[in-house]
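Residue numbers (the working numbering): 58 to 142.
No wet-lab data here; the hints were simulated from the structure. Check before you lean on any hint, since a few could be wrong.
Pairs of lysine to aspartate or glutamate residues, derived as EDC-like cross-links and limited to a Cα-Cα distance of at most 20 Å, are as follows [as the list claims (entries may be wrong)]:
hint	residue 1	residue 2
1	Lys114	Asp138
2	Lys114	Glu89
3	Lys94	Glu113
4	Lys108	Glu98
5	Lys142	Glu113
6	Lys108	Glu89
7	Lys101	Asp138
8	Lys142	Glu98
9	Lys94	Asp138
10	Lys101	Glu89
11	Lys128	Glu98
12	Lys101	Glu90
13	Lys108	Glu90
14	Lys114	Glu90
15	Lys108	Asp138
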Amino acid sequence: MMNVAALASLAAIALAGCAPMISGTMNLSNNEETVNKKATEYFKAAPGQVKVSNIEKHALNTTFRAQYRGKSYNCHVYYGDVTCK
């Protein structure tokens, strides 16, 4: 019979292997409309104030450029969350 520590280790390994699949599946739903909506939410802007361009879908994330209040940002969506620099 397996002990609790061994079962916990196996569960952690199994879940770690699922992370890329989850991210990749979430990334499939990203399109211009969803990226624009997520960027608008990220900047807490009104609809139409954020312009997105150069959307590129990769295996685990989507990268894009955002224009907001006269500044340009390099952004990406990973696990459904937007990060811009």
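For each hint, the structure was consulted:
The straight-line distance between the Cα atoms of lysine 114 and aspartate 138 is roughly 14 Å, inside the 20 Å bound, and the hint therefore holds. For a cut-off of 20 Å, the pair hint linking lysine 114 to glutamate 89 stands: about 11 Å separates their Cα positions. Between lysine 94 and glutamate 113, the direct Cα distance comes to roughly 16 Å. Compliance with the 20 Å bound is thereby established for this hinted pair. Taking the CA atoms of lysine 108 and glutamate 98, the gap is about 12 Å. The hint holds against a cut of 20 Å.
Restraint check for lysine 142 and glutamate 113: the C-alpha separation of about 16 Å stays at or below 20 Å, so the hint holds. Proposed proximity of lysine 108 and glutamate 89 is supported: the alpha carbons are some 10 Å apart, at most 20 Å. Annotation: proposed proximity of lysine 101 to aspartate 138 holds, straight-line Cα distance about 14 Å (limit 20 Å). Distance check on the hinted pair: lysine 142 and glutamate 98 sit about 15 Å apart at the alpha-carbon level, within 20 Å; holds.
The suggested pairing of lysine 94 with aspartate 138 holds, with an alpha-carbon distance near 11 Å, which does not exceed 20 Å. Using a Cα cut-off of 20 Å, the hinted pair lysine 101 and glutamate 89 holds, with the two alpha carbons roughly 18 Å apart. Proposed proximity of lysine 128 and glutamate 98 is supported: the alpha carbons are some 17 Å apart, at most 20 Å. Proximity of lysine 101 to glutamate 90 is assessed by CA-CA distance (about 16 Å); at most 20 Å being required, the pair is judged to hold.
In summary, the hint linking lysine 108 to glutamate 90 is supported, as the alpha carbons are separated by about 11 Å, within the 20 Å threshold. Our distance criterion of 20 Å between C-alpha atoms is met by lysine 114 and glutamate 90, whose separation comes to about 14 Å. As the CA atoms of lysine 108 and aspartate 138 are separated by approximately 17 Å, the hinted pair is consistent with the 20 Å bound.
Violated hints are absent here; each numbered hint is respected by the structure.
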